[in-house]
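*Asks:* Here is how the chains run, residue by residue.
Number of protein chains: 4
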Amino acid sequence: MDMMRAAVFVEKGKLELREVPKPTPGPGEALMKVTLTTICGTDVHILKGEYPVKAGLTIGHEPVGRIEALGPGVRGFAVGDRVIVGAITPCGQCRACLSGDGAQCSHGADGFEAMGGWRFGNTINGCQAEYVLVPDAQANLAKIPDGLADEDVILCPDIMSTGFSAVESGGVRIGDSVVVFAQGPIGLSATAGARIAGATLIIAVDSVSRRLEQAKRMGADVVLNFKEQDVVQEIKRLTGDGADVAIEALGTQPTFESCLRSVRPGGVVSSLGVYSGHLNVPLDAFAAGLGDHTIVTTLCPGGKERMRRLMSVIAAKRAPFRELVTHSFPLSEIEAAYDLFAHQRDGVMKVAIRP
Amino acid sequence: MDMMRAAVFVEKGKLELREVPKPTPGPGEALMKVTLTTICGTDVHILKGEYPVKAGLTIGHEPVGRIEALGPGVRGFAVGDRVIVGAITPCGQCRACLSGDGAQCSHGADGFEAMGGWRFGNTINGCQAEYVLVPDAQANLAKIPDGLADEDVILCPDIMSTGFSAVESGGVRIGDSVVVFAQGPIGLSATAGARIAGATLIIAVDSVSRRLEQAKRMGADVVLNFKEQDVVQEIKRLTGDGADVAIEALGTQPTFESCLRSVRPGGVVSSLGVYSGHLNVPLDAFAAGLGDHTIVTTLCPGGKERMRRLMSVIAAKRAPFRELVTHSFPLSEIEAAYDLFAHQRDGVMKVAIRP
Amino acid sequence: MDMMRAAVFVEKGKLELREVPKPTPGPGEALMKVTLTTICGTDVHILKGEYPVKAGLTIGHEPVGRIEALGPGVRGFAVGDRVIVGAITPCGQCRACLSGDGAQCSHGADGFEAMGGWRFGNTINGCQAEYVLVPDAQANLAKIPDGLADEDVILCPDIMSTGFSAVESGGVRIGDSVVVFAQGPIGLSATAGARIAGATLIIAVDSVSRRLEQAKRMGADVVLNFKEQDVVQEIKRLTGDGADVAIEALGTQPTFESCLRSVRPGGVVSSLGVYSGHLNVPLDAFAAGLGDHTIVTTLCPGGKERMRRLMSVIAAKRAPFRELVTHSFPLSEIEAAYDLFAHQRDGVMKVAIRP
Amino acid sequence: MDMMRAAVFVEKGKLELREVPKPTPGPGEALMKVTLTTICGTDVHILKGEYPVKAGLTIGHEPVGRIEALGPGVRGFAVGDRVIVGAITPCGQCRACLSGDGAQCSHGADGFEAMGGWRFGNTINGCQAEYVLVPDAQANLAKIPDGLADEDVILCPDIMSTGFSAVESGGVRIGDSVVVFAQGPIGLSATAGARIAGATLIIAVDSVSRRLEQAKRMGADVVLNFKEQDVVQEIKRLTGDGADVAIEALGTQPTFESCLRSVRPGGVVSSLGVYSGHLNVPLDAFAAGLGDHTIVTTLCPGGKERMRRLMSVIAAKRAPFRELVTHSFPLSEIEAAYDLFAHQRDGVMKVAIRP
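Protein chains in written order, with my numbering: chain A, 173 to 527; chain B, 173 to 527; chain C, 173 to 527; chain D, 173 to 527.
Hints are computed from structural coordinates only; laboratory data are not their basis. Heads up, a few of these hints could be off.
Just so you know, same-sequence chains aren't split out, so a pair can sit in one copy or run between any two.
[As the list claims (entries may be wrong)] Distance condition first, Cα-Cα at most 25 Å in a straight line; then the derived SDA-like pairs of lysine to any residue:
no.: 1; residue 1: Lys408; residue 2: Arg494
no.: 2; residue 1: Lys186; residue 2: Leu512
no.: 3; residue 1: Lys388; residue 2: Arg526
no.: 4; residue 1: Lys489; residue 2: Arg345
no.: 5; residue 1: Lys184; residue 2: Leu455
no.: 6; residue 1: Lys315; residue 2: Gly412
no.: 7; residue 1: Lys226; residue 2: Asp253
no.: 8; residue 1: Lys315; residue 2: Arg345
no.: 9; residue 1: Lys408; residue 2: Pro317
no.: 10; residue 1: Lys194; residue 2: Gly519
no.: 11; residue 1: Lys205; residue 2: His450
no.: 12; residue 1: Lys220; residue 2: Gln405
no.: 13; residue 1: Lys194; residue 2: Gly245
no.: 14; residue 1: Lys408; residue 2: Ile296
no.: 15; residue 1: Lys388; residue 2: Arg490
no.: 16; residue 1: Lys226; residue 2: Arg494
no.: 17; residue 1: Lys226; residue 2: Met176
no.: 18; residue 1: Lys489; residue 2: Gly283
no.: 19; residue 1: Lys220; residue 2: Lys408
no.: 20; residue 1: Lys315; residue 2: Gln405
no.: 21; residue 1: Lys408; residue 2: Glu285
no.: 22; residue 1: Lys399; residue 2: Ala508
no.: 23; residue 1: Lys315; residue 2: Val394
no.: 24; residue 1: Lys186; residue 2: Ala227
Based on the provided sequences and hints, a complete structural model is requested.
*Replies:* Structure follows, in structure tokens:
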């Protein structure tokens with residue numbers, strides 16, 4: 173049996189690079205050689221035991237690489253094609269997918285499964301490995317356009333898709349004011365997305381000056397440091413009655429609440445964060461339910477068409493996503509990479525991992 | 173000075189029928205002779221001091237009547253025209269109105285005002301009176317089609333408009349499953365709206381059998397008594413993975429929470445209730461923010477085009493709204509009417525008040 | 173080799189019942205035993221040579237039946253399950269499908285193919301046969317709910333899906349006025365769809381009194397015979413400035429033009445017809461391009477979720493579709509059925525064919 | 173009586189600068205001192221007698237200026253405020269406006285009027301004059317943000333609003349491919365709008381190299397000269413199956429047809445042109461009505477909120493609209509300006525007229 177190296181979750185706090193069997197693609201599957209991947213905040217949660225996965229699982233959900241082998245029935249692709257696959261791998265054939273909500277995919281069944289579209293490094297082996305098996309390959313293999321390097325597209329599978337989805341679900345349109353709370357990679361991506369979608373007043377909020385500077389390069393018109401001023405008050409001053417859309421990119425009660433306080437009557441809070449503890453809706457900011465507010469949450473959209481669109485944004489040079497990849501490690505040093513990323517040392521944004 | 177009788181809020185717990193000056197319409201206004209009006213749950217909150225209005229205000233926001241006089245500049249109407257006016261009276265000319273959100277109207281200004289469209293019996297004198305002054309009359313006077321009696325259209329200004337808006341904001345479409353929590357007049361109207369909008373599984377929830385029976389007549393396919401069974405579990409059984417849309421028509425933490433627990437991943441909670449106390453989002457039912465859920469609130473849409481559409485529903489006999497008007501009082505007995513309505517005696521749904 | 177009987181297109185004007193090989197399902201496919209099917213106007217066009225298909229093809233695209241065999245990889249279904257399949261069989265995994273437009277499916281490829289979703293009886297063998305091979309079965313097999321007979325659901329695969337799509341693409345909403353030109357099976361289905369979607373003034377136009385009577389039973393509020401009056405003028409009289417939406421269900425210049433003349437400024441012409449000859453936009457009715465008009469065309473949506481929704485309409489008894497099946501023939505007499513249907517004799521609407 | 177100078181339509185081919193009475197604002201109106209205006213292609217059509225207006229009418233519909241006087245009832249504005257007003261002046265209070273379609277405004281009535289929102293220089297006196305009377309001022313006066321010069325905002329009333337509306341009505345979203353046929357001022361504005369709305373492949377088509385160069389500066393990724401190549405073929409090559417959206421910005425049969433031939437199945441033709449002669453839909457490019465195509469037309473949206481949004485685009489420096497103003501004339505030389513503009517001499521794009 174062929175073997176390969178993979179980053180395996182062992183137990184809370186412990187990740188190990190192990191030799192595991194190299195998979196063989198079955199019907200409708202593809203085997204992808206991973207040439208570049210990265211670490212997500214979610215992976216850190218898994219490592220810390222805050223999000224449960226089974227012991228022995230290979231983690232990671234952001235693969236760039238090339239097709240190593242194709243299972244029966246996968247058409248239109250060839251071994252060697254350079255491809256990416258989204259973090260979310262919709263089947264395209266279940267009730268959720270056929271309803272346009274592939275992130276809640278039930279894998280062909282007649283239903284919806286909460287977060288069911290997220291399989292890599294969650295319910296099946298992920299891509300922090302030399303190879304990864306791609307399910308429903310026909311719907312998920314996305315060819316990389318000529319002229320784009322691996323580093324150019326590494327943020328498409330999750331970061332860009334998630335960040336942009338906040339803008340899309342929020343219904344941002346030309347002339348909108350948009351505030352984005354938290355400027356980590358996903359918040360920065362939402363900031364870029366707001367700019368690309370036509371918002372004309374984009375306010376980025378964080379407390380780390382380096383991130384606020386990056387926010388400007390991604391398209392923010394104004395940056396606010398919440399440690400230095402009352403940001404909700406300043407947002408009201410800048411927008412008049414509040415922003416049209418507020419994006420939550422952290423997953424905490426204070427940022428959620430600030431979002432709701434920042435939007436105008438009739439405004440939208442578009443939420444990306446993963447909440448823990450509790451989530452309260454402040455009734456004063458909510459007009460007791462009579463303010464025509466919308467709160468919408470979105471899980472990273474996937475599928476090859478989504479990836480194609482995001483790569484077209486990169487190819488058209490609409491925003492400098494490559495700047496967010498601040499560090500690089502070989503797969504053999506992935507544990508050091510986790511350590512750097514988890515502790516947010518050295519101004520790290522995203523870490524490239526090269527198998 | 174001409175005088176008229178009006179139901180005036182005096183202080184917490186005290187409403188009085190008083191002689192007050194009959195108003196004269198200024199530019200853009202109309203004076204309406206009220207021939208029928210009704211009492212809303214909100215009026216009861218005002219009477220109890222739970223929603224603050226200034227002492228001396230005439231309350232009530234659901235007028236049916238005819239045009240008594242037109243102020244300068246109001247075109248296309250004649251004295252004597254039978255009309256209704258929505259509970260919400262958008263100006264049509266402010267930023268909110270021009271953005272399609274008249275319920276958050278700022279009265280011509282360049283902004284949005286939370287609940288600003290609700291003026292009758294809130295920020296200006298209302299219609300539990302012999303006459304009511306209609307602001308922005310050009311945008312708000314809606315002619316009653318021939319063949320419809322006052323009783324036919326009395327629920328259009330608020331009850332129908334609010335109930336239907338839950339269905340519209342929830343994006344209900346042909347083949348959806350919709351659950352409506354609470355079958356008071358607004359919930360019953362949402363039930364009817366869901367039927368009229370094409371939902372094919374409409375589940376009405378309440379604990380009062382009379383209301384559940386009425387819900388069936390309004391269009392519910394299934395009725396559930398939450399005192400007799402675990403309704404969330406039953407909704408899951410009936411729908412598979414949960415309803416497409418859940419409508420909250422009460423304004424309490426338990427009903428809000430049941431809504432969120434009743435919808436499928438990717439589903440919508442469409443909220444009409446006025447919340448007090450607190451509002452907590454249960455994270456398990458919310459997939460911690462990753463379930464593609466939407467929570468949307470709507471305040472009763474107004475304006476003459478809205479009223480025209482709702483009256484067309486009545487004229488086309490799409491639902492038996494007239495059945496909801498269970499009692500009738502002359503204006504002189506309005507205090508007795510409040511007493512009956514506030515205590516929900518005698519199977520009361522809505523009370524007709526005749527000035 | 174097992175054989176079966178199938179209605180095969182031989183040449184222009186000639187259809188033949190032949191013995192052909194019974195297919196075996198490959199990966200992702202299913203073999204369906206057909207228990208009921210029907211003839212579509214499109215099949216008549218094929219027979220007349222007006223729409224080209226290759227000689228030897230089995231025609232028909234509206235199958236009701238049960239699963240005879242499942243190919244590798246199809247999950248969640250069992251042999252014997254009662255199912256229908258839509259006339260359009262989207263793969264769910266191509267760019268078109270992942271963009272929500274399965275009717276223009278490119279079968280897994282990275283693109284769109286005009287009418288590519290229509291395969292049965294067009295580019296692959298159809299279902300006027302004892303058995304039919306279902307492509308992309310995971311996305312297309314739709315279980316029939318308990319309690320519904322074959323006759324109840326026979327119009328779901330094409331007629332209902334097409335008719336309702338006019339209403340959906342037209343954006344019909346509560347309180348709209350809708351006019352439907354031509355009351356054949358698809359027009360009647362559009363009429364029913366308009367009623368189910370909340371239109372409050374539904375005007376059905378045809379010249380055959382039997383069809384106009386049926387239109388009333390499907391939900392029309394008003395029926396107009398274009399041989400007896402100027403229907404555009406009457407529509408204007410009934411609606412004021414024109415209908416919100418006009419549905420074209422025939423495919424001729426006069427009906428298209430009447431649609432455009434019947435809608436108000438800002439209105440929508442929702443077109444289902446298959447046009448031949450030419451199609452001219454009358455500039456006077458089009459305000460020379462400045463009337464905010466929309467013309468939208470829709471090809472019958474397919475897929476199992478679509479079928480599930482349509483069957484839920486039937487199960488909820490929202491419209492009497494079964495009445496449209498006016499005649500019944502065994503497969504052995506399909507040539508007689510074509511003859512009756514093509515000549516519109518004996519008040520035929522739709523013909524049930526029983527293999 | 174105070175008099176003022178105004179450019180008056182006398183008869184076909186004849187425009188005259190005349191002394192006419194300076195108007196006084198009535199209820200709901202405002203008098204605006206015009207400090208800058210421009211000439212539109214439509215004005216040239218009027219001058220040539222191709223679009224009929226009554227003799228003696230002051231033409232022009234793109235005013236920049238300041239408030240000279242306010243009629244009774246206009247709130248929130250002061251004499252001296254710098255403002256613009258859209259070419260289309262919706263009342264905000266009629267059925268069309270309350271339905272969100274102010275361009276088809278019926279001026280308070282219960283209906284829609286084709287092109288009814290276009291009043292300046294069409295049904296009431298326009299703004300190629302020292303002063304212009306603004307109807308429904310509350311809905312239409314839009315304050316110019318500090319820091320913007322008259323020249324910065326002169327294209328907002330019509331050119332930008334029209335060009336951007338093609339993008340909005342076309343539903344352009346992040347990652348779309350958009351082709352814009354004709355790069356006059358409105359086409360160039362559509363090109364800019366496509367860029368601002370997130371399209372990632374914007375193809376501008378014209379035959380004048382100067383316009384194609386300007387198109388690049390407005391945001392086009394690719395420019396095509398239709399005299400030098402088969403543009404439809406090249407668009408297909410660049411996009412795969414065709415563009416997602418094609419924008420018609422000229423109003424001719426060939427450009428309309430090229431649009432339809434350029435879009436993919438399921439694509440949208442968004443039309444801005446004013447057609448004369450005839451308009452034919454080529455059935456081969458239209459898949460005979462089965463290609464899920466949409467054809468949508470849009471008349472320039474107006475109102476103060478629209479103007480506010482467009483000026484926010486200018487203030488945020490999202491596109492170099494000021495470059496399009498290539499020439500400047502005093503009002504006294506407006507006839508020379510018409511002559512230059514009508515004959516498209518000297519590379520003229522838009523002409524500034526200073527009263």
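*Asks:* Run every hint past the structure and note whether it holds.
*Replies:* Hint by hint, here is what the structure shows:
Proximity of Lys408 to Arg494 under the C-alpha cut-off of 25 Å is found in neither arrangement, the shortest distances being 33 Å within a copy and 30 Å between copies. When the C-alpha separation of Lys186 and Leu512 is checked against a cutoff of 25 Å, the pair qualifies only within one copy, where the shortest distance is 15 Å, while the shortest distance between copies is 67 Å. Proximity of Lys388 to Arg526 under the C-alpha cut-off of 25 Å is found in neither arrangement, the shortest distances being 29 Å within a copy and 38 Å between copies. In this assembly of identical chains, Lys489 and Arg345 lie within 25 Å of each other by CA distance both inside one copy and across copies; the values are 20 Å within and 16 Å between.
Taking the closest pair of Cα atoms, Lys184 and Leu455 come within 25 Å of each other only across two copies (23 Å); inside a single copy the shortest separation is 38 Å, beyond that limit. Proximity of Lys315 and Gly412 under a CA criterion of 25 Å is satisfied inter-copy only: 14 Å between copies versus 45 Å inside one chain copy. Neither within a single protomer nor between protomers do Lys226 and Asp253 lie at most 25 Å apart by alpha-carbon distance, with minima of 32 Å and 35 Å respectively. When the C-alpha separation of Lys315 and Arg345 is checked against a cutoff of 25 Å, the pair qualifies only between copies, where the shortest distance is 21 Å, while the shortest distance within a copy is 29 Å.
In this assembly of identical chains, Lys408 and Pro317 lie within 25 Å of each other by CA distance solely across copies; the values are 17 Å between and 42 Å within a copy. In this assembly of identical chains, the alpha carbons of Lys194 and Gly519 never lie at most 25 Å apart, being 35 Å within a copy and 65 Å across copies at closest. When the C-alpha separation of Lys205 and His450 is checked against a cutoff of 25 Å, the pair qualifies neither within a copy, at 41 Å, nor between copies, at 51 Å. Neither within a single protomer nor between protomers do Lys220 and Gln405 lie at most 25 Å apart by alpha-carbon distance, with minima of 36 Å and 33 Å respectively.
Taking the shortest alpha-carbon separations for Lys194 and Gly245, both the intra-copy value of 21 Å and the inter-copy value of 22 Å come in at or below 25 Å. Taking the closest pair of Cα atoms, Lys408 and Ile296 never come within 25 Å of each other, the shortest separation being 45 Å inside a single copy and 27 Å across copies. In the homo-oligomer, the alpha carbons of Lys388 and Arg490 lie at most 25 Å apart both inside one protomer (14 Å) and across protomers (15 Å), since each shortest distance falls under that limit. Proximity of Lys226 and Arg494 under a CA criterion of 25 Å is satisfied in neither setting, with 33 Å inside one chain copy and 52 Å between copies.
Taking the shortest alpha-carbon separations for Lys226 and Met176, only the intra-copy value of 20 Å comes in at or below 25 Å, while the best inter-copy value is 50 Å. Taking CA atoms no more than 25 Å apart as the test, Lys489 paired with Gly283 passes between copies only; the shortest distance there is 23 Å, against 38 Å inside one copy. For a Cα distance limit of 25 Å, the shortest separation of Lys220 from Lys408 qualifies neither inside one copy, at 38 Å, nor across copies, at 33 Å. In the homo-oligomer, the alpha carbons of Lys315 and Gln405 lie at most 25 Å apart only across protomers (23 Å), although the nearest pairing inside one protomer, at 46 Å, exceeds that limit.
Taking CA atoms no more than 25 Å apart as the test, Lys408 paired with Glu285 passes between copies only; the shortest distance there is 13 Å, against 39 Å inside one copy. Taking identical chains as interchangeable, the C-alpha atoms of Lys399 and Ala508 are never at most 25 Å apart, the minima being 31 Å within one chain and 57 Å between chains. In this assembly of identical chains, the alpha carbons of Lys315 and Val394 lie at most 25 Å apart only when taken from different copies (22 Å versus 36 Å within one copy). When the C-alpha separation of Lys186 and Ala227 is checked against a cutoff of 25 Å, the pair qualifies only within one copy, where the shortest distance is 10 Å, while the shortest distance between copies is 65 Å.
In terms of the numbered hints stated before, the structure departs from hints 1, 3, 7, 10, 11, 12, 14, 16, 19, 22, listed from lowest to highest.
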